[in-house]
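Given the coordinates of chain F, assemble chain U onto it according to the supplied hints.
2 protein chains.
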Amino acid sequence: MFGVTILGNNSAIPTPTRHPTSQAVYIDDQVLLLDCGEGTQMQMHRYKIKRSKINYIFISHLHGDHYFGLIGLLNSFALIGRKDDLHLFAPEPLYGLIDLQMQLADSEFPYTIHRYPLKEEGEIAHSNTFTVKCFRVKHRIECWGFAIMQKQKLRKLNIEEVKKHLIPTAAYYSIKKGEDYMTSEGNIIPNKLLTIDPPKGKVYAYCADTLFTDSFLHHIADADMIYHESTYLKDMEEKAFKRFHSTAEQAATIARRANAKRLLIGHFSSKYEFLEPFESEARQVFENTEIAREGVTYLLK
Amino acid sequence: MFGVTILGNNSAIPTPTRHPTSQAVYIDDQVLLLDCGEGTQMQMHRYKIKRSKINYIFISHLHGDHYFGLIGLLNSFALIGRKDDLHLFAPEPLYGLIDLQMQLADSEFPYTIHRYPLKEEGEIAHSNTFTVKCFRVKHRIECWGFAIMQKQKLRKLNIEEVKKHLIPTAAYYSIKKGEDYMTSEGNIIPNKLLTIDPPKGKVYAYCADTLFTDSFLHHIADADMIYHESTYLKDMEEKAFKRFHSTAEQAATIARRANAKRLLIGHFSSKYEFLEPFESEARQVFENTEIAREGVTYLLK
Chain F
92 MFGVTILGNN SAIPTPTRHP TSQAVYIDDQ VLLLDCGEGT QMQMHRYKIK RSKINYIFIS
152 HLHGDHYFGL IGLLNSFALI GRKDDLHLFA PEPLYGLIDL QMQLADSEFP YTIHRYPLKE
212 EGEIAHSNTF TVKCFRVKHR IECWGFAIMQ KQKLRKLNIE EVKKHLIPTA AYYSIKKGED
272 YMTSEGNIIP NKLLTIDPPK GKVYAYCADT LFTDSFLHHI ADADMIYHES TYLKDMEEKA
332 FKRFHSTAEQ AATIARRANA KRLLIGHFSS KYEFLEPFES EARQVFENTE IAREGVTYLL
392 K
Chain U
92 MFGVTILGNN SAIPTPTRHP TSQAVYIDDQ VLLLDCGEGT QMQMHRYKIK RSKINYIFIS
152 HLHGDHYFGL IGLLNSFALI GRKDDLHLFA PEPLYGLIDL QMQLADSEFP YTIHRYPLKE
212 EGEIAHSNTF TVKCFRVKHR IECWGFAIMQ KQKLRKLNIE EVKKHLIPTA AYYSIKKGED
272 YMTSEGNIIP NKLLTIDPPK GKVYAYCADT LFTDSFLHHI ADADMIYHES TYLKDMEEKA
332 FKRFHSTAEQ AATIARRANA KRLLIGHFSS KYEFLEPFES EARQVFENTE IAREGVTYLL
392 K
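Chains as they are written, first to last, in the numbering used here: chain F, 92 to 392; chain U, 92 to 392.
Just chain F, with the same shape it has in the complex (with noise of 0.2 angstroms):
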């Protein structure tokens, strides 16, 4: 399974019904999580997200409305005995920021968080399952988007070549994984007969906070699936341009130039009450745009 629940669809101030910005993305057995707003942990008890599977979290930048509720996750962790390493990925003064508080509370945590300060843009982290890789978006503060790819599968065998070279299934995982195969008289066949390419993994684009731009178009270029903020409909562009963040007609024209497959527009801004409005405006753009929806998961299909 890859797909992701949004946990916070809303800008900066919290409305009755929407919260600040946090997604869980899962992805085999990992859930992986993106920016963690104030009340993150109330709405993962809420939506059933279950914080041991926790190993791997992404803050992209330091606005409260993407990290206030952090602290709290951690503390949490802490108090429930997690014993788990835990993997960070953030902004560098925030780690300085955790330490502060921990000493204000002379608290300790009994689990280890390692530390890996956004600097560069490429691979931050990887597993069995999947790759991430970070990149620069354009925001007031420095902001960082994530791009989730999930590894590709083993390869596919080719059941005809395989029977008529008469390979042994004892032989299959050795080739599934690339490796040729060598017959018992020596001779090598090459994997490429006796395998096709697997089902291409899926990518998963989070652009956090960001003015319309194009520069950061190659980093999420076919993307299977690309959320992009959008605080304003079309008629505050200009209040969007100034404050460093999108519209909803900018988050679909950068789908359509990435040529993306789904867009997910999210970080409404709280003066908005009905939401239809931004899905409507995107998909004059791009037509297969989804409103983030707190609590519903996404699937990348």
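The set of hints was computed from the structure by calculation and includes no laboratory data.
Given that identical chains are not distinguished, each listed pair holds provided it fits within a single copy or across any two copies.
The calculated DSS-like cross-link candidates involving lysine-lysine, where the alpha carbons are at most 27 angstroms apart (straight line), are:
#	residue 1	residue 2
1	Lys-144	Lys-362
2	Lys-174	Lys-333
3	Lys-330	Lys-174
4	Lys-229	Lys-325
This is chain U only, laid out in the frame that chain F set:
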């Protein structure tokens, strides 16, 4: 009106239905906020606490479940364009933390925060209608309780005497304020004769995280309502002591020794699903005990 609305009644780990500590004290036209755990601003939305009425915030100590929601609230004040001064009473290091968070966000508050580092016991705030005193409670780190005293209203006229001395109504207000009356002949009629004592101002005493101790009894003596933490039930008394917390029975013992009229208990450990046993254990010692239920307003009558 003088009353307290409970915004969070749980200890550190929030549960789906209980939140970390925060209380909104209504006193005439003001709302005083006591502690501000994560999610307090969302709870304020839920229970219709008007943010604009909050001009005084008191933070008992720097364990996260008592202040992690503060920076988000201060931020929201800024985003909704607050102009009114805010008075913040807290252990001194909190101010540095707020400064650091604002600096990392490259932001400034558009309103003034007056800082009152808690250092000595005694009066820390007062207005036309209330006085607040702080006192030390005993926790693992520096921790403060707060006593909120409603100011005495004007004195009551002794109508019989006032009529006997033919005092004109124009003089009533100054007499109610406590002044003597001088007749046109130059005779002084002492205020004592013309008025009777008004009802005493009520007192609400908030005893934040503390172990069971008499040390602050004199600060809360005869209070109309005491809030005292009761993290555990009686069978966990040893654990309570080790963690600098109290049991329900101990909270009730303090209320009885303080000769309080009424007791609210809260800060329940997340391990308890049902809260009724807290009430029954406490009532064995102090009958007039109630569980501090989130969303409920307890009036000082």
